[in-house]
Amino acid sequence: MTDEEFFERLRDDAQQLRYEPADDALWTRLQARVTARVRVQPGVAQSLASWFRPVATALAVLSIIAALSVEWIDRPQQQPATIEAMAAAPSTDVGDALGVQ
Amino acid sequence: MLDCAAVLEPFAVAMISRAASDSRPVDDPLELRVIDAVKNGDEGQYAYLVSKYMRRVVSIAWGIVRNPDDAEDLAQEAFVKAFRTIGRFQSGEPFGPWIYRIVTNLSLDLLKHRQRFKHEEVREDAPAPRRDRADLPALTNELARRIDAAIESLPAMQRVVARLHLVEQFSHTEIASMTGVSEGTVRSHLSLARSKLRQQLADLYEDSHD
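Quick mapping for you: the protein sequence lines, in order, are chains A and B. Under numbering that gives the first Met the number 0, residue 100 is the last one in the first sequence; the count climbs by one each step, no gaps. Under numbering that gives the first Met the number 0, residue 209 is the last one in the second sequence; the count climbs by one each step, no gaps.
Bear in mind the hints are in silico, worked out from the structure with no lab data behind them. Be careful, since some hints might not be right.
[Claimed, not checked] Derived list of chain A stretches under chain B, where covered just means 3 residues or more per stretch with a C-beta under 8 Å from a C-beta of chain B:
| id | segment |
| --- | --- |
| 1 | 5 to 16 |
| 2 | 22 to 34 |
[Claimed, not checked] Derived contacts from chain A toward chain B, CB cut-off under 10 Å, selection only:
| id | residue |
| --- | --- |
| 3 | Met-0 |
| 4 | Asp-2 |
| 5 | Val-37 |
| 6 | Arg-38 |
| 7 | Glu-70 |
Where a beta carbon is used, it is the ideal one built from N, C-alpha and C, also for glycine.
Excised from the complex, chain A in its bound form (with noise of 0.2 Å):
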């Protein structure tokens, strides 16, 4: 048998190392790793846009809170007014009702 014939059948015979794992779902779970690492990683506007979205909506919630605030704060100090103004309202009344002669 020449050399290149030896190696022809040791080819032949060879074949049969190849790798064959027991567990037939580990080609399943190699698949399903790889899958998830190659989903598409953000871009740089991308992360900044998932950054940035919470932020605007917490400032925008925290706006509308300082809004309401402030209104709020503001109508207690048009109360006194409102009453003394109702109060002075009668005084007149009463002057004009009564006449003084």
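The hints should help you fit chain B onto chain A, whose structure is shown.
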């Protein structure tokens, strides 16, 4: 007519062998479309390529590093690396040789890392390298066990080249492309490996294997 058949026979054998090596997109037009789709951002299509080449990629890695966990990790890394650099992949080219080259390089890097580590750590009285029998699920008979042991006894690069040629059935040109050495060097490694293997397996192939 007979002459024509004689001339065509080697060509036909080469074509059958090539088809069996599953790496030509001409055999699989879907692969071309999938590669274009992935390049255009449809990463979901990549599952097709992973599914098609995973077994072979793990087998190549395992043949070099001889550890199933490392082989699985290397296969994963190879596919992720191929995906991240697919923009540089030339459309129309077969995906197989590319992914095989990536996994071979990653496996050789790991081998070099291990050898460097071994040089630093191994002492005279250190135990022999671990050889998990669980790593050898395909070895169901004595012939396979003997061939495996003979290949494993070769020096590192001869062993890698011999495995790629004998077990994975790659040609000299393909091995040269995968390992980054010249075709002449591949032939030289194989020639040396052949002599050693023939000596070790003489009793199997000279007597009973006619």
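Each hint, compared with the structure:
no. : hint     : in the structure
1   : 5 to 16  : holds (count 10)
2   : 22 to 34 : holds (count 7)
3   : Met-0    : holds (7 Å)
4   : Asp-2    : holds (6 Å)
5   : Val-37   : holds (4 Å)
6   : Arg-38   : holds (6 Å)
7   : Glu-70   : violated (49 Å)
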